[in-house]
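J.: Chain residues, written in single-letter form:
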Amino acid sequence: GESVGLHLPTLSVQEGDNSIINCAYSNSASDYFIWYKQESGKGPQFIIDIRSNMDKRQGQRVTVLLNKTVKHLSLQIAATQPGDSAVYFCAENTEAAGNKLTFGGGTRVLVKP
Amino acid sequence: EPEVTQTPSHQVTQMGQEVILRCVPISNHLYFYWYRQILGQKVEFLVSFYNNEISEKSEIFDDQFSVERPDGSNFTLKIRSTKLEDSAMYFCASSVWTGELFFGEGSRLTVL
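Chains E and U, in that order, give the protein sequences.
Under this note's numbering, the letters of the first sequence match residues 1 to 113, in that order.
Under this note's numbering, the letters of the second sequence match residues 1001 to 1112, in that order.
A portion of the hints provided could be inaccurate.
Claimed, not checked - Just the calculated beta-carbon pair ranges, DEER-fashion:
(1) Arg61(E) to Glu1001(U): 43 to 53 Å
(2) Gly1016(U) to Gly83(E): 37 to 47 Å
(3) Gln1064(U) to Gln58(E): 20 to 30 Å
Claimed, not checked - List of simulated lysine-lysine pairs, DSSO-like, C-alpha gap at most 30 Å:
(4) Lys68(E) to Lys1083(U)
(5) Lys1042(U) to Lys1057(U)
(6) Lys71(E) to Lys42(E)
(7) Lys56(E) to Lys1078(U)
(8) Lys56(E) to Lys71(E)
(9) Lys1057(U) to Lys1083(U)
(10) Lys100(E) to Lys112(E)
(11) Lys1057(U) to Lys112(E)
(12) Lys68(E) to Lys1057(U)
(13) Lys1078(U) to Lys71(E)
(14) Lys42(E) to Lys1042(U)
(15) Lys71(E) to Lys100(E)
(16) Lys42(E) to Lys1078(U)
(17) Lys100(E) to Lys42(E)
(18) Lys100(E) to Lys68(E)
(19) Lys1078(U) to Lys1057(U)
(20) Lys71(E) to Lys1083(U)
(21) Lys112(E) to Lys56(E)
(22) Lys100(E) to Lys56(E)
(23) Lys56(E) to Lys1042(U)
(24) Lys42(E) to Lys1083(U)
(25) Lys1078(U) to Lys112(E)
(26) Lys1078(U) to Lys1042(U)
(27) Lys1083(U) to Lys1042(U)
(28) Lys1042(U) to Lys112(E)
(29) Lys42(E) to Lys56(E)
(30) Lys112(E) to Lys42(E)
(31) Lys68(E) to Lys1078(U)
(32) Lys1083(U) to Lys56(E)
Just so you know, the hints here were simulated from the structure itself, not pulled from any lab data.
This one's a predicted model, so the numbers in the text were calculated from it and none came from an experiment.
Ideal Cβ positions, reconstructed from N, Cα and C, are used throughout, including at glycine.
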């Protein structure tokens, strides 16, 4: 069936280093991908999105890479800060599914001072 | 900055009781959603709502669940007869189009 999953449940990173969070998806029809950040006790917060006609998109300190050949999505956070400590979810959507986002299992990022 | 607001932040109820979770989506948004997250698990889609009707729902959203937009600002999720397994964080979300969703802070439901 359709699934979106993450390779690493927990990522510890030194403050100032770059973080890379990975996500695999299985639905080749997916055409829209989003990364969300969830801090403890809060709702998912939109970080960045990418459409399937792109392979890279950059935001402020974040970059999302999409490799449709291997159905892989990654989020790169540059110069990770303590405020980046959170759980990060990838989510995918297909136009046929309306706006029914399918979320991955989440990766916890812990930033060490 | 506009935000989705949800009430209550936490509700404790007895099994079999009815619960209504309330949401005020962002004012110019047209699409509304409920998602839920059981503790320690992934966020799961429940239902989407557009033009005053349900546009899609998941298999979780059975006859015990209903949604309503009673006025121009509120969007509610009702669970008619709560079960223990309904305990979760319920997130409301809204969007301008079928793209970027903005989530509320969530309502934690505890069923005893």
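J.: Hints numbered earlier in the text: which of these fail when held up against the supplied structure?
T.: Of the numbered hints, 1, 3, 4, 7, 10, 11, 13, 20, 25, 31 and 32 do not hold.
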